[in-house]
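Starting from the structure of chain A, add chain B where the hints point.
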Amino acid sequence: MEKIKIENVTKIFGKHVNSALKLVEQNKNKTEILKQSGATIGVNNANFTVNDGEIFVIMGLSGSGKSTLVRLLNRLIEPTSGNIYIDGDNISKMNKQQLIKVRREKMSMVFQNFGLFPQRTVLANTEYGLEIRGIPKEERRLKAEKALDNAGLLPYKDQYPSQLSGGMQQRVGLARALANDPDILLMDEAFSALDPLIRKDMQDELLDLQQKMQKTIIFITHDLNEALRIGDRIALMKDGEIIQIGTGEEILTNPANDYVKTFLEDVDRSKVLTVENAMIRPISINIDIDGPKVALQRMREEEVSVVLAVNKTREFKGYITAEDALQASKTGEINLVNYLRTDMPTVAKEMYIQDVLSIISDSKTPVAVVQERKLVGVLIRGVVIETLSASVENEGVSDYVPAT
Amino acid sequence: MSQLLDLIPTIPVAEGAEIVMDWLTDTFAGLFGVIKESGKFSMEFVTDFLVSIPPFLFILIIGVLAFFATKRKFGLAIFSIVGLLFIYNQGLWEELMNTITLVLFASILAVIIGIPLGILMSKSKMAEATIQPILDFMQTMPGFVYLIPSVAFFGIGVVPGVFASIIFALPPVVRFTNLGIRQVPKELVEAADSYGSTGWQKLYKVELPIARSTIMAGVNQTVLLSLSMVVIASMIGAPGIGRNVLSALQQANVGNGFVAGLSLVILAIIFDRLTQSFNKKHD
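Chains as they are written, first to last, in this note's numbering: chain A, 1 to 404; chain B, 405 to 687.
Excised from the complex, chain A in its bound form (with noise of 0.2 angstroms):
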């Protein structure tokens, strides 16, 4: 069922609108506009349209107009021309309140920096969308505390935002947009800010959580991988175009123009998976403070034999066994720096897997990923190989998921 509908829908940023829109209607591009008008191009002539339930990912780089596009699906940009139907209703035809009124019931949004008011707790900022439509007190507090629950950030529900991590206050976001229960999320580039494990355990989420609501969602991002895994369907924009739209899978196989081939060809099959893809969170301790025991301590909550050692601006280190680390113990040593192993290898998370298969085969063990000398993740060879097995299944895009 069709949920969104976009027609002709363009946005022209500066003056000489008019003969911009010209220009437009003329088929012509971005760069020939600002040439002959002097007017950017925000979106040009965009049509599609979302069903119910769907994961719509719009992608693109920066500067390609996607932000811009979903902004005008909620008007916090005015649509030069075309239309936008919600439900059939049309959006750009609104008056003020009825557009306050759709925004407060059907749809939501959640921002590429979180969007949270700082002033307000984790729960007060929850209940905002609540609290403005005018719902009794104890209710909102109910509904907000529920949509925490679901997000597992109830215990967090006192603190200002500033008090937790990105992932966690990305969390609220959406429990904030999904306490208003709205049919419609959109989500401009979500993930984005956040690290790279944590985003894909944010993906995972959206799609447990997806599974269960079956929402319509506009998903913008710019990151390939990201829109391979979550969108049922993914439009591509340049210039304020959009180019192709389909399921990853038509993307990958039929490409629309060398502009859509240029921008696969990182996600050649062979090497779509990155190290990033594949790693998993470090355990590690602080060589700086850590002594044997807390080692010990860590190996044996974690069932490991060795730790990660890195310094306390979590720069990689070495690696602590845990026979050295028994050593030193009996020893009644309180340091561990004695004992630190340095003969690691270590890869960046962006390089491709099968990059750094040899890497990983050679070493007697796991091998630690750094990004600017800080330790972001590990590499174990069981990991890796399963990642890839599952990767193969699906010609090369791991864990996606087929259109339903």
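Hints listed in this document are in silico derivations from the structure and should not be mistaken for laboratory results. Check the hints yourself; a few may be wrong.
[What the hints assert, rightly or not] Not close to chain B: a few residues of chain A, all C-beta gaps over 10 angstroms, as computed:
no., residue
1, HIS16
2, LEU61
3, SER363
[What the hints assert, rightly or not] Simulated DEER-style distance windows between Cβ atoms:
no., chain 1, residue 1, chain 2, residue 2, range
4, A, ASP158, B, PHE662, 49 to 57 angstroms
5, A, VAL294, B, PHE472, 40 to 48 angstroms
6, A, ASN18, B, GLN543, 39 to 47 angstroms
7, B, GLN587, A, GLN211, 40 to 48 angstroms
8, A, GLU2, B, PRO537, 51 to 59 angstroms
9, B, ALA533, A, ASP223, 41 to 49 angstroms
10, A, ASP158, B, ILE465, 32 to 40 angstroms
11, B, LYS590, A, GLN36, 28 to 36 angstroms
All of these numbers come straight from a predicted model, not from anything done at the bench. Glycine included, every Cβ here is placed at the ideal spot set by N, Cα and C.
Structure of chain B alone, referenced to chain A:
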């Protein structure tokens, strides 16, 4: 060449300003009279009330207030108590109360006028374009100049003093309110809009709370500027410590001038630190 310039007759700006002033004074004489009488009445009422508080009690209250406002630190509390005792000791107590009344009225009124103006400026480009140059004008014009229309409207006394102080002290709170609201991160404004906030809801649930500390910095500046206007206002008969400064100046009495000046400095520090601590309290 300069002779050529002299051929242009003097443009009668001064005469024009006078005509406008005369017209204002005549037309609104009744209104100005009402403002003057009610203003004088309420200010005398407040001063009388302040004077009626036993000085010892007053000093103690300020000390306790300073103690709690600065998160239970003794610094400002001790300074306030010692400073106020000094002013009492120098026989300037009643003048002090007059000055406090003047500063309170001027700054409260400036804030009441200034914050809405600042909000208006932040919301409308046209309002900003209009008000900005007026504020520049108000801030660069020497404070003395405001005394002339004040006297024309309200005669001499405390009311024209407050009037001149308001004009002098208004710009910071307007500017900082405008700035504070404009500095609210775009994403938060978008968040407020995207959830369907009305303009008012956005203003008092999101923008004003976030701009709060910037606005309070403006309020602090406004309070201090109105205090700095006290001496100038005394030239048109506003009572208070300013009058002592003025008479010391006229009689070239260094000693009295020093004592009165020092008292004003003490008062300024107390006002400044107190308003600042209200700002920090909730951060």
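Evaluated hints:
1. HIS16: HIS16 of chain A clear of chain B: closest Cβ-Cβ about 20 angstroms, beyond 10 angstroms.
2. LEU61: 21 angstroms, holds
3. SER363: 43 angstroms, holds
4. A:ASP158 / B:PHE662: 49 to 57 angstroms: 53 angstroms, holds
5. A:VAL294 / B:PHE472: 40 to 48 angstroms: For VAL294 of chain A and PHE472 of chain B the Cβ distance comes to about 43 angstroms; the hint holds.
6. A:ASN18 / B:GLN543: 39 to 47 angstroms: 42 angstroms, holds
7. B:GLN587 / A:GLN211: 40 to 48 angstroms: Holds, since GLN587 of chain B and GLN211 of chain A (Cβ atoms, about 41 angstroms apart) stay within the stated range.
8. A:GLU2 / B:PRO537: 51 to 59 angstroms: For PRO537 of chain B against GLU2 of chain A, whose Cβ atoms are near 53 angstroms apart, the range 51 to 59 angstroms holds.
9. B:ALA533 / A:ASP223: 41 to 49 angstroms: 42 angstroms, holds
10. A:ASP158 / B:ILE465: 32 to 40 angstroms: 34 angstroms, holds
11. B:LYS590 / A:GLN36: 28 to 36 angstroms: About 30 angstroms separates the Cβ atoms of LYS590 of chain B and GLN36 of chain A, which means 28 to 36 angstroms holds.
Of the numbered hints stated above, none is contradicted by the structure.
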